[in-house]
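Residues in the sequence shown are numbered from 1081 upward in steps of one, following our numbering.
Hints in this document: simulated from the structure, not taken from any laboratory.
Hints are supplied without guarantee of correctness; some may be wrong.
To be verified - The calculated lysine to aspartate or glutamate pairs, modelled on EDC-like cross-linking and capped at a C-alpha distance of 20 angstroms, are:
1. LYS1103 - ASP1173
2. LYS1171 - GLU1185
3. LYS1231 - GLU1219
4. LYS1084 - ASP1173
5. LYS1089 - GLU1127
6. LYS1089 - GLU1185
7. LYS1214 - GLU1185
8. LYS1177 - GLU1143
9. LYS1089 - GLU1143
10. LYS1171 - GLU1122
11. LYS1117 - ASP1107
12. LYS1089 - ASP1191
13. LYS1089 - GLU1188
14. LYS1220 - ASP1156
15. LYS1117 - ASP1173
16. LYS1231 - GLU1157
17. LYS1220 - GLU1188
18. LYS1171 - GLU1143
19. LYS1103 - ASP1124
20. LYS1231 - ASP1191
21. LYS1103 - GLU1122
22. LYS1103 - GLU1093
23. LYS1231 - ASP1156
24. LYS1231 - GLU1185
25. LYS1231 - GLU1188
26. LYS1177 - ASP1107
27. LYS1089 - GLU1131
28. LYS1089 - ASP1156
Claimed, not checked - Pair by pair, the computed Cβ-Cβ distance ranges are:
29. ALA1193 - LEU1215: 16 to 22 angstroms
30. GLY1166 - LYS1214: 15 to 21 angstroms
31. SER1161 - LYS1214: 19 to 25 angstroms
32. MET1196 - ASP1104: 26 to 32 angstroms
33. LEU1215 - GLU1143: 18 to 24 angstroms
34. ASP1173 - ALA1193: 34 to 40 angstroms
35. TRP1204 - ASP1173: 21 to 27 angstroms
36. GLU1143 - MET1092: 17 to 23 angstroms
Glycine included, each C-beta is placed from N, C-alpha and C at the ideal position.
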Amino acid sequence: MRNKMILIKTTMEHIPTLVQISKDAFDSDITVGASSKGGPPEYDSIEWHIEMMQQGHLFTAMEGTTIVGGSILFRDERNASFMYVGRIFVKPDLFRKGYGTRIMEQIEAMDPAITMWCLDTPIWNQRTNRFYQKLGYIEKSRDAEFIYYQKSIGR
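Please build the complete structure, drawing on both the sequences and the hints.
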């Protein structure tokens, strides 16, 4: 039986593993439509992840003592009930095993003051678009590169 997965604030000890998971996860997008290996800005930068941790935006998904993924979250500065999911990432060998769903469930439950969750994902990424739609995110708009999703959570 699996240990319970929890989402916690990232510490310095998590950074090297989280950055490697981020790099591996986003580089794997080449299998779902990316034109080359790569990811969002600074996805493979230790310094940037440290900055996100210091600003309180970076979270580590743990199952027991094992880091399985992470997330970066930003509260909307104009509306305290809106939270932006900057990114989530999971170890590629754990894809399609429920970890992404469990991370999103924990993100959505972490602050009862948040009633609207917003995120974007590249149009070409079939995996993430299906994933967010499955979780109840609704397309609000799109541009040449991204689809912008929202999910309202009544509390």
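Comparing the hints with the structure gives:
no., hint, verdict
1, LYS1103 - ASP1173, "holds, 13 angstroms"
2, LYS1171 - GLU1185, "holds, 17 angstroms"
3, LYS1231 - GLU1219, "holds, 9 angstroms"
4, LYS1084 - ASP1173, "holds, 18 angstroms"
5, LYS1089 - GLU1127, "holds, 17 angstroms"
6, LYS1089 - GLU1185, "holds, 16 angstroms"
7, LYS1214 - GLU1185, "holds, 12 angstroms"
8, LYS1177 - GLU1143, "holds, 13 angstroms"
9, LYS1089 - GLU1143, "holds, 14 angstroms"
10, LYS1171 - GLU1122, "holds, 17 angstroms"
11, LYS1117 - ASP1107, "holds, 5 angstroms"
12, LYS1089 - ASP1191, "holds, 14 angstroms"
13, LYS1089 - GLU1188, "holds, 15 angstroms"
14, LYS1220 - ASP1156, "holds, 17 angstroms"
15, LYS1117 - ASP1173, "holds, 17 angstroms"
16, LYS1231 - GLU1157, "holds, 18 angstroms"
17, LYS1220 - GLU1188, "holds, 19 angstroms"
18, LYS1171 - GLU1143, "holds, 12 angstroms"
19, LYS1103 - ASP1124, "holds, 5 angstroms"
20, LYS1231 - ASP1191, "holds, 15 angstroms"
21, LYS1103 - GLU1122, "holds, 10 angstroms"
22, LYS1103 - GLU1093, "holds, 17 angstroms"
23, LYS1231 - ASP1156, "holds, 14 angstroms"
24, LYS1231 - GLU1185, "holds, 12 angstroms"
25, LYS1231 - GLU1188, "holds, 10 angstroms"
26, LYS1177 - ASP1107, "holds, 19 angstroms"
27, LYS1089 - GLU1131, "holds, 13 angstroms"
28, LYS1089 - ASP1156, "holds, 19 angstroms"
29, ALA1193 - LEU1215: 16 to 22 angstroms, "holds, 20 angstroms"
30, GLY1166 - LYS1214: 15 to 21 angstroms, "holds, 20 angstroms"
31, SER1161 - LYS1214: 19 to 25 angstroms, "holds, 24 angstroms"
32, MET1196 - ASP1104: 26 to 32 angstroms, "holds, 31 angstroms"
33, LEU1215 - GLU1143: 18 to 24 angstroms, "holds, 20 angstroms"
34, ASP1173 - ALA1193: 34 to 40 angstroms, "holds, 35 angstroms"
35, TRP1204 - ASP1173: 21 to 27 angstroms, "holds, 23 angstroms"
36, GLU1143 - MET1092: 17 to 23 angstroms, "holds, 20 angstroms"
Of the numbered hints given earlier, the model fails none.
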